[in-house]
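One line per chain: the protein sequences are C and H, in this order. For reference, each letter of the first sequence is one residue, going 1 to 508 in the UniProt record's numbering. For reference, each letter of the second sequence is one residue, going 1 to 336 in the UniProt record's numbering.
Certain hints may be false.
Claimed, not checked - To spell it out: a stretch of chain H is covered by chain C in this simulated footprint if at least three of its residues, at any positions, have a beta carbon under 8 Å from a beta carbon of chain C; those stretches are: (1) 196-204; (2) 216-223.
Claimed, not checked - Chain H is nowhere near these chain C residues, computed Cβ spacing over 12 Å in every case: (3) Arg-107; (4) Ser-357; (5) Met-491.
Because the hints were derived from the structure by calculation, they are not lab data. In this text the structure is predicted, and so the values were computed from the model without any measurement. Even glycine gets a Cβ: it sits at the ideal position worked out from N, Cα and C.
Chain by chain, the residues:
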Amino acid sequence: MNTIVRMTGIEKTFPGVHALKNVQFDLRAGEVHALMGENGAGKSTLMKVLSGVYTRDGGSIEINGKAADPKGPREAQELGIGIIHQELSLMNDLTAAQNIFIGREPRLRFGRLDEAALNQKTAEIFKSMALDLRPDVLVGNLTIAKQQMVEIAKALSYRSQVLIMDEPTAALNDKEIAELFTIIRRLKAEGVGIIYISHKMDELKQISDRVTVMRDGEYVGTVPAADTPVNEIISMMVGREVKDEAVVVPDLSAADVALEVKGLNRGTEIRDVSFSLKKGEILGFAGLMGAGRTEVARAIFGADPLDSGEIRVDGHTCKINSPSDAVQVGIGYLSEDRKHFGLATGMDVRANVAMASMDQFCNRFGVLNEAGMAEAAAKYIKQLEIRTPSDKQELQFLSGGNQQKVVIAKWLLRDCDILIFDEPTRGIDVGAKSEIYKLLNSLAEQGCAIIVISSELPEVMRLSHRIAVMCEGRLTGILPGGSSTTQEDIMRLATQRDPAAQIVSEVQ
Amino acid sequence: MTDTTLTPQKNLIGRFVSSGAHQKLLAFASLIVLLIGFGLASPNFMQMSNMIAILQATSVNGVLAIAATLIIITGGIDLSIGTMMTFCAVIAGVVLTYWGMPLPLGVAAAIATGAFCGLCSGTFVAKMKVPPFIATLGMMLILKGLSLVISGTRPIYFNDTPGFDLISRGSVIGAIIPGLQIPNGVLILFLVAIAASYILGRTVLGRYTFALGSNEESVRLSGVNTDAWKMGIYALAGGICGIAGILIASRLNSAQPALGLGYELEAIAAVVIGGTSLAGGRGTIMGTLIGALIMAVLTNGLRVLSVAQEWQTVVTGGIIILAVYADMARKKKAHA
Numbered sequence: 001m002n003t004i005v006r007m008t009g010i011e012k013t014f015p016g017v018h019a020l021k022n023v024q025f026d027l028r029a030g031e032v033h034a035l036m037g038e039n040g041a042g043k044s045t046l047m048k049v050l051s052g053v054y055t056r057d058g059g060s061i062e063i064n065g066k067a068a069d070p071k072g073p074r075e076a077q078e079l080g081i082g083i084i085h086q087e088l089s090l091m092n093d094l095t096a097a098q099n100i101f102i103g104r105e106p107r108l109r110f111g112r113l114d115e116a117a118l119n120q121k122t123a124e125i126f127k128s129m130a131l132d133l134r135p136d137v138l139v140g141n142l143t144i145a146k147q148q149m150v151e152i153a154k155a156l157s158y159r160s161q162v163l164i165m166d167e168p169t170a171a172l173n174d175k176e177i178a179e180l181f182t183i184i185r186r187l188k189a190e191g192v193g194i195i196y197i198s199h200k201m202d203e204l205k206q207i208s209d210r211v212t213v214m215r216d217g218e219y220v221g222t223v224p225a226a227d228t229p230v231n232e233i234i235s236m237m238v239g240r241e242v243k244d245e246a247v248v249v250p251d252l253s254a255a256d257v258a259l260e261v262k263g264l265n266r267g268t269e270i271r272d273v274s275f276s277l278k279k280g281e282i283l284g285f286a287g288l289m290g291a292g293r294t295e296v297a298r299a300i301f302g303a304d305p306l307d308s309g310e311i312r313v314d315g316h317t318c319k320i321n322s323p324s325d326a327v328q329v330g331i332g333y334l335s336e337d338r339k340h341f342g343l344a345t346g347m348d349v350r351a352n353v354a355m356a357s358m359d360q361f362c363n364r365f366g367v368l369n370e371a372g373m374a375e376a377a378a379k380y381i382k383q384l385e386i387r388t389p390s391d392k393q394e395l396q397f398l399s400g401g402n403q404q405k406v407v408i409a410k411w412l413l414r415d416c417d418i419l420i421f422d423e424p425t426r427g428i429d430v431g432a433k434s435e436i437y438k439l440l441n442s443l444a445e446q447g448c449a450i451i452v453i454s455s456e457l458p459e460v461m462r463l464s465h466r467i468a469v470m471c472e473g474r475l476t477g478i479l480p481g482g483s484s485t486t487q488e489d490i491m492r493l494a495t496q497r498d499p500a501a502q503i504v505s506e507v508q
Numbered sequence: 001m002t003d004t005t006l007t008p009q010k011n012l013i014g015r016f017v018s019s020g021a022h023q024k025l026l027a028f029a030s031l032i033v034l035l036i037g038f039g040l041a042s043p044n045f046m047q048m049s050n051m052i053a054i055l056q057a058t059s060v061n062g063v064l065a066i067a068a069t070l071i072i073i074t075g076g077i078d079l080s081i082g083t084m085m086t087f088c089a090v091i092a093g094v095v096l097t098y099w100g101m102p103l104p105l106g107v108a109a110a111i112a113t114g115a116f117c118g119l120c121s122g123t124f125v126a127k128m129k130v131p132p133f134i135a136t137l138g139m140m141l142i143l144k145g146l147s148l149v150i151s152g153t154r155p156i157y158f159n160d161t162p163g164f165d166l167i168s169r170g171s172v173i174g175a176i177i178p179g180l181q182i183p184n185g186v187l188i189l190f191l192v193a194i195a196a197s198y199i200l201g202r203t204v205l206g207r208y209t210f211a212l213g214s215n216e217e218s219v220r221l222s223g224v225n226t227d228a229w230k231m232g233i234y235a236l237a238g239g240i241c242g243i244a245g246i247l248i249a250s251r252l253n254s255a256q257p258a259l260g261l262g263y264e265l266e267a268i269a270a271v272v273i274g275g276t277s278l279a280g281g282r283g284t285i286m287g288t289l290i291g292a293l294i295m296a297v298l299t300n301g302l303r304v305l306s307v308a309q310e311w312q313t314v315v316t317g318g319i320i321i322l323a324v325y326a327d328m329a330r331k332k333k334a335h336a
């Protein structure tokens with residue numbers, strides 16, 4: 001197989017960070033080459049260098065044997081490099097075809113658009129991908145999975161020989177992932193080289209041919225995917241062995257109930273949800289995408305209104321109409337979408353850590369105690385091992401795992417008794433993941449009542465003392481944690497669609 | 001020659017500012033270049049009296065621009081500050097001239113009126129979720145109309161209130177240091193600037209102002225009562241407009257109900273030239289002050305050079321675009 005891309009000795013420095021140190025990478029035609037590493041390892045930066053978003057400080061890029069120097073995404077595209085971003089960059093109010101050919105619309109005379117040709121060309125691309133989609137459908141009406149397909153079609157329309165996919169399965173369910181993999185295999189067969197960034201080990205085993213691992217901005221090594229054990233790849237990533245420990249369910253029979261929820265309802269999203277949570281307990285919420293887990297969490301936190309339902313904290317009925325009410329009674333919520341709902345990325349670590357607790361750091365006249373805030377920030381930077389040059393660093397320059405730690409610090413500082421973690425390890429690498437697990441366990445030991453919402457079953461099973469399963473807005477069952485519950489048990493409840501057949505089994 | 005003039009200034013300002021120093025440096029350098037340019041072009045320009053005239057001309061726009069800066073940092077915009085200023089002046093006229101109340105009450109009434117109007121705008125924006133552009137556009141027209149209704153479309157003079165004109169035109173500094181006849185209006189501008197800087201940099205209200213502009217939803221989900229704080233910021237900005245109302249009324253010794261429209265755009269221009277992002281989350285009072293000074297220096301300098309007033313407006317427009325372009329170019333370079 002011939003090599004399409006060869007990157008050698010790539011260097012990139014940002015203010016205060018040496019992001020890439022002498023990194024190498026190569027891609028052959030018709031292979032899926034996985035790029036792995038912890039958050040902040042430099043994967044995304046390397047790909048941004050390849051796709052022309054960043055200019056490299058040193059090293060060389062060869063494409064098809066010729067030195068190349070992409071100066072921007074446009075030039076990279078002309079060189080045959082297409083990138084599918086983690087956050088999709090489509091225009092929701094335009095059709096699929098209009099999105100794919102944006103900026104290159106076929107024209108008639110006098111600058112009129114040739115809508116027919118546009119749709120026909122798009123239909124051809126969809127056909128070559130064996131994708132059942134109308135070219136004139138509005139992108140905003142498509143599922144995330146289908147939008148991703150449109151992105152891929154767009155990249156292919158440039159006759160890309162290289163396709164970079166950054167966590168393409170993050171928002172997809174199993175069936176959609178299978179569809180994506182079918183398309184990836186078809187592209188492979190046609191000789192397209194695919195660079196695949198993901199944290200999910202099982203996927204890499206399924207889809208990739210080679211794996212390159214990066215750590216702290218450095219190249220660690222490249223291994224064949226098929227005959228390298230997962231543990232070996234993980235230890236390459238973190239520089240040490242990571243072992244999964246089984247959950248130990250503590251005896252909570254004497255513990256007080258911290259949170260009790262009765263008959264929560266909102267439209268079709270939340271239907272008659274009731275459960276209780278004890279002090280020191282970790283209650284996992286499992287379910288498929290759209291089962292209503294995040295909706296329940298946001299409703300308890302007062303972020304969205306409820307139609308009906310009762311929320312009791314420490315035995316007292318609470319009226320929670322806004323997040324500030326929830327925080328008053330000691331409930332904290334860590335959103336699945338850190339960037340939009342968890343952090344002010346343009347502000348520094350210190351301000352973000354103090355964001356929920358400003359009243360602790362000011363006098364009667366609202367004058368801030370900067371020294372106090374700095375002290376608190378320093379404490380959590382040390383305790384949670386947040387990697388940042390200083391507490392005055394803006395959040396946008398931290399990696400995902402470190403950003404997540406800042407969000408956790410924010411709620412620890414607020415001293416909430418009930419913490420709701422929504423997908424706490426989304427987009428976070430294996431090493432940082434086990435640190436966050438450890439943190440959740442120690443919080444529970446200290447008496448925190450914790451809800452963990454996760455789409456990854458192994459994560460739910462590893463953390464939860466009990467597992468609540470949701471399907472289509474209903475709580476279909478609560479299972480005991482520990483080894484007696486299997487993935488199959490959870491999946492059965494998560495797919496229990498018929499309301500008549502459900503028997504809510506409260507197992508303590 | 002330019003080198004020796006610039007270097008010490010740069011060091012001085014370099015110590016002055018910590019974050020976002022580049023844009024302020026750029027704006028400050030432009031200000032110096034303008035001063036030197038006009039100074040070389042006309043010997044009259046660098047006169048002490050002309051410098052004081054420039055400062056005096058900056059005072060009203062500067063105070064309004066500080067109010068606008070607060071709102072813009074939250075990611076909003078306030079189109080009503082010009083007519084709000086006028087409305088506050090008219091209310092001061094009612095209290096002092098129609099009702100014959102003592103001077104401090106008139107001043108207090110103007111500031112309270114501004115704060116109340118700001119609170120109204122803030123309620124529309126925060127509670128009723130009307131976009132700031134629309135809410136304050138409505139407020140702009142409401143206040144313009146009310147000013148005309150209350151005053152009966154006639155100016156209200158302050159001839160019966162002795163000392164009112166001294167609020168802006170007198171010179172406390174001049175009384176202490178006889179050589180330095182800096183008018184009170186300028187002194188008030190700098191006091192407002194220092195207070196606003198302090199609030200933005202050192203208080204909870206200020207921290208939330210930046211946080212709201214940076215990511216409002218995330219702040220709300222941190223359990224902060226964002227609506228209340230936002231209303232507070234609009235009220236504060238309104239109160240500052242009240243101060244501007246007193247300044248302009250004092251300078252004209254009258255409340256001119258037809259005045260005010262257009263002031264909001266000049267103020268926003270000063271904010272933008274000063275490097276505050278219209279997207280919110282970033283901005284400084286120092287920058288805004290420099291922005292307001294640049295506009296006043298331009299207007300004054302072109303007048304000293306006998307450029308027709310029509311052309312002065314054209315140049316100001318060009319400068320706004322140039323200032324933002326320079327900022328964008330710098331940011332792009334920093335990101336590459």
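Cross-check of the supplied hints:
no., hint, in the structure
1, 196-204, "holds (count 3)"
2, 216-223, "holds (count 7)"
3, Arg-107, "holds (31 Å)"
4, Ser-357, "violated (9 Å)"
5, Met-491, "holds (31 Å)"
The structure is inconsistent with hint 4 alone, although it conforms to all the rest.
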